[in-house]
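Protein chains in written order, with numbering that gives the first Met the number 0: chain B, 0 to 345; chain W, 0 to 345.
Please note that a few of the clues may not be correct.
No copy labels: a pair is met if it fits in one copy or bridges any two.
Stated by the list, open to error - Using 25 Å as the maximum straight-line C-alpha spacing, the simulated SDA-like pairs for lysine to any residue come out as follows: (1) Lys133 x Ser255; (2) Lys49 x Arg213; (3) Lys186 x Thr104; (4) Lys193 x Thr76; (5) Lys267 x Gly254.
By construction, these hints were calculated from the structure, which means they are not laboratory data.
Number of protein chains: 2
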Amino acid sequence: MKIVIDAFGGDNSPNAQITGGLNFLAQNNDFSLIFTGDEALIKKELDKYKYDASRVEIVHAPEVISNEESPTAAIKTKKESSMVKAFDIVKNDPDAVAMLSSGSTGAILTGAVLKIGRIEGVLRPTLAPILPTKLKKGVCLVDGGANVDCRPEYLVQFALMGVCYMRAMSEIENPRVGLVSVGTEDKKGNELSKAAFAALKELPINFAGNMEARDALTGEYDLLVADGFAGNVLLKTVEGTAMMVMSRLKAAIMGSTSAKFGSLFMKKAFKQLKRDMDYNAYGGAPFLGIEKIVVKAHGASNTAAIEAALVQIKKMAKGDVVGNIKAEMQKLQELQAANAATADNA
Amino acid sequence: MKIVIDAFGGDNSPNAQITGGLNFLAQNNDFSLIFTGDEALIKKELDKYKYDASRVEIVHAPEVISNEESPTAAIKTKKESSMVKAFDIVKNDPDAVAMLSSGSTGAILTGAVLKIGRIEGVLRPTLAPILPTKLKKGVCLVDGGANVDCRPEYLVQFALMGVCYMRAMSEIENPRVGLVSVGTEDKKGNELSKAAFAALKELPINFAGNMEARDALTGEYDLLVADGFAGNVLLKTVEGTAMMVMSRLKAAIMGSTSAKFGSLFMKKAFKQLKRDMDYNAYGGAPFLGIEKIVVKAHGASNTAAIEAALVQIKKMAKGDVVGNIKAEMQKLQELQAANAATADNA
């Protein structure tokens, strides 16, 4: 199986992409990698390391898409960019199962839809980041921000796609699904979430009903479902609050001589905490609902983050997430057709 | 000036209400308090302390509204409840400037609207909690969850009312206002936030444009504006993430003998951190847009939280938040009338 890596567009490109890629390659003999981007720069970087050259390919792409560009314009006009080249390969090579990029989220989503295409029946692909919890497991959030204006049908599909994803990632057969709302009671929510609640209740998934964002990170849920606006607010509030608490902790320690002394014995524990909180450990966030695996890694991804994203892609490929989403969308269409027929006959 | 305290409906009622109230009373000679609730229980609690009895009144109300009841039904039928009695007094007594309750948020909002009434021109009252930031100052969030389905006009009013509130609370003349969105660029957002952005830009406030929830607690904003669904998600995610980080920190310390030893020197610093993060320190959250001051304290409020809420009410009363909101609503209506006239003449 081949994974295509957009070697540019991240803060540590192409170094992190190449070192993370080669680390993964050394551990996974059944995978090979294709790097897209400036050939000379990639070669220069690759030459620093020992690796199995028979499983590494470079496809030259002199341009880079930046975060500031309009996603649609960039995907349509920058045909020689590392990202568009990566999409072209994944689209055309049947052995290429996945595309990984640290570039602009909007451009990756646009490229995924325009170049690779949506799975039949999928109304909107969803961004599915994984967040740390109190327990030693992550919780997936759909939609993390790909769709800021949603309809209830979208949320239903986000849930089904998220379940397929978490089944592959966590090896939990029936991921516990919570609908993000303003209270846990069935009737709580806004117009959108209430309509989604009614539809989610009818699905053959482990639906735990409404949940409050206060419980998002307790570990009692495997999948959180929200519209992309509220989902993005949740995602970014987690990041902002974690930074605020760490900064307050640091200030509290620095404000006390005794605490400063005590902290000398805690370096390992603080490092552990930082590791626990590190989104890099979870790799990237996939766009679910696309005909192939597309994963967006954080712009600031380092070697470890790229390697984690590749392990994640491997799990998604081995767990056939794309195939399972196809099957779920097929079943959903059949269910809806059956319901429509029943309604017609009534 | 009189403040009416619903002495029941909280987890620590009536003890916290009474001790917090008496602490406040001892420091503020120009205020008197009216407690509503079971007279015998209140008296029994009051008798434990020394206080200026000429400034304390009890109004008997044998019933309590619970969190499980339908807000509208409870307010309409439980006329002998501590909450409804409190609203009745604030409505009818010109000296009663404010009502404080730890009871059901929904019932307080319903009671505030039905019993006291909205300020003329206010479309929807808003819940305005204050959150801790990295710096030693809080940030106010409107709407914290009173209005889960919003229109752009509501957000405009939330911003104006929040500015009046933060002017009184923080003594900042021009509170910096951020619109919660999915990116900082002007064009980012959903349909609702984009329309609100265009309207907020036209207001004579210190509008800093779109902000990301990641920066909610950096201290660079004084007021965050969002619809009540996204706002509530933000509010509760802050709480959930802080709990998660603290729990992870504890686990990291407990997992290391050296860190456990080090933590012995950090007790004061950890206590400081806990204090910094404590929502009790900020008192309660007012409903802005009501003809009198109405503050909802957390259900779990202790003595310190009730006292802080009373200090907050004092600031709101001295800063004439209600009067200023009235003036802002008046100006807004004049502005809208002028704009309509211009449009008609065009």
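task = Evaluate Lys133 and Ser255 at a C-alpha cut-off of 25 Å and name the case that applies: within, between, both or neither.
result = between (28 Å within a copy, 18 Å between copies)
request  = Using 25 Å as the alpha carbon limit, work out where Lys267 and Gly254 are close: within a copy, between copies, both or neither.
outcome  = both (21 Å within a copy, 10 Å between copies)
key: Copy assignment of Lys193 with Thr76, given that the CA separation must stay at most 25 Å   = neither (41 Å within a copy, 27 Å between copies)
request  = Up to 25 Å between alpha-carbons, please classify Lys49 paired with Arg213: within, between, both or neither.
outcome  = neither (47 Å within a copy, 40 Å between copies)
query = When no copy is specified for Lys186 and Thr104, does a C-alpha distance of 25 Å or less occur within a copy, between copies, both, or neither?
reply = between (34 Å within a copy, 16 Å between copies)
In this structure, the hints that do not hold are numbers 2 and 4, in rising order.
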